[in-house]
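2 protein chains.
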Amino acid sequence: MPKLEFWYEFASTYSYLTVVRIEAAARNSGVDIDWCPFLLGPIFKAQGWETSPFNLYPAKGRYMVRDIERVAASRGIEFHMPEAFPANGLNAARLALAGKSAGWCAPFTRAVFEAQFVRGDDIAHPSILARILASLGIDTLDAIASATTAENKDTLRQQTALARERGIFGAPSFITEDGELFWGDDRLEQALAWAGRQPVPKRTAR
Amino acid sequence: MPKLEFWYEFASTYSYLTVVRIEAAARNSGVDIDWCPFLLGPIFKAQGWETSPFNLYPAKGRYMVRDIERVAASRGIEFHMPEAFPANGLNAARLALAGKSAGWCAPFTRAVFEAQFVRGDDIAHPSILARILASLGIDTLDAIASATTAENKDTLRQQTALARERGIFGAPSFITEDGELFWGDDRLEQALAWAGRQPVPKRTAR
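Line order of the protein sequences matches chains A and B. So the first sequence is numbered by this note's numbering: it starts at 1 and just counts up by one. So the second sequence is numbered by this note's numbering: it starts at 1 and just counts up by one.
None of these hints come from the bench; they were simulated from the model. Since the structure is predicted, the reported quantities are computational estimates derived from the model, not experimental observations. One or more of the hints may lead you astray.
Copies of the same chain look alike in the list, so a pair counts if it fits in one copy or across any two.
In silico BS3-like cross-links for lysine-lysine, where the CA-CA straight-line distance does not exceed 30 Å [said to hold, decoys possible]:
(1) K153 / K3
(2) K100 / K45
(3) K3 / K60
Use the sequences and the hints to build the structure in full.
What follows is the structure in structure tokens.
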């Protein structure tokens, strides 16, 4: 089955829109999703941003909220901005990465996004994350231990560096096996279609 | 017929994608398009950007080109980045605005975008714009005279100020009669659908 890498940041509002629909969409397209949590903060910092562009550019921030409200309404899902935005997604990202080998990355990711953007929970809090792990029947202490090893912390740093090397500058992003990068929830269908088809020439012929 | 304001900047690559399809899409949706040329430069400057974000943030710039190549290929249209980017769209915007009252704003706009993004012309040059006017059967001297009156120059400044007041921060943008703002070529369908569902004022029977 063709693979599609799905790169997401836990504080990202548009990543939420994708997280709640990518599994069904990928199944329909016959594509396998590789869940790739990473941190946008260091990438933003490298281009001179100390916080989310939605905070730095208020008109863009106001528009984003309204845009997502409309999209969420049209898809029949809930969306509310959390009080603290952007959330610190470091603990959640470390856990999600640890959950990849253990097989619970996807359900954990979805539960964290829903906690944040449906119920308004601050996902920076270990107690919120512990409750989510427990609700999914995951051994909480074991998960936290795996997430906080030096090796797992380093893997997250490497993932974030890799994201930047691959040209990622925002989330959600998708990368196909032949290296095509797609950015934004509204590019999910294109990314799945590309992933599912045979290799095509890299440049459009004139 | 319900109206939709279409705000565009002549240097904007994503505006090109919209310009070449908005007339047919609007016709299919039974929506009337109000063509609103404006300048993004002053809006970018107000948020601290001296050039296009696609130049300021190279990863985003490289992605934009590839994204538009893919979208253009899927729609069967041509797209090539002009050598000078972003183009200075001041003369084109003044002309387009002058063309609104004269009735040639839409065909002129489309011809300018195609000159820039299909043939690679630098649309800052008056000779390029004069050739486009002539090819559309528009009286070139008359058009340039109307475009360069103090009144028309001031109208463009007012349009740009109005865009900012209305919350516009990029192009293309769309505003419905009830004030909903949509941003980006990939929001055109949503904007048209929203515009089309507005309550139509009742006509008094005579």
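Outcome of the hint check:
For the homomeric pair K153 and K3, the shortest alpha-carbon distance inside one copy (25 Å) is at most 30 Å, but the shortest distance between copies (53 Å) is not. In this assembly of identical chains, the alpha carbons of K100 and K45 lie at most 30 Å apart only when taken from the same copy (27 Å versus 44 Å across copies). Proximity of K3 to K60 under the C-alpha cut-off of 30 Å is restricted to the inter-copy arrangement: shortest distance 24 Å between copies versus 33 Å within a copy.
Violated hints: none; the structure is consistent with every hint.
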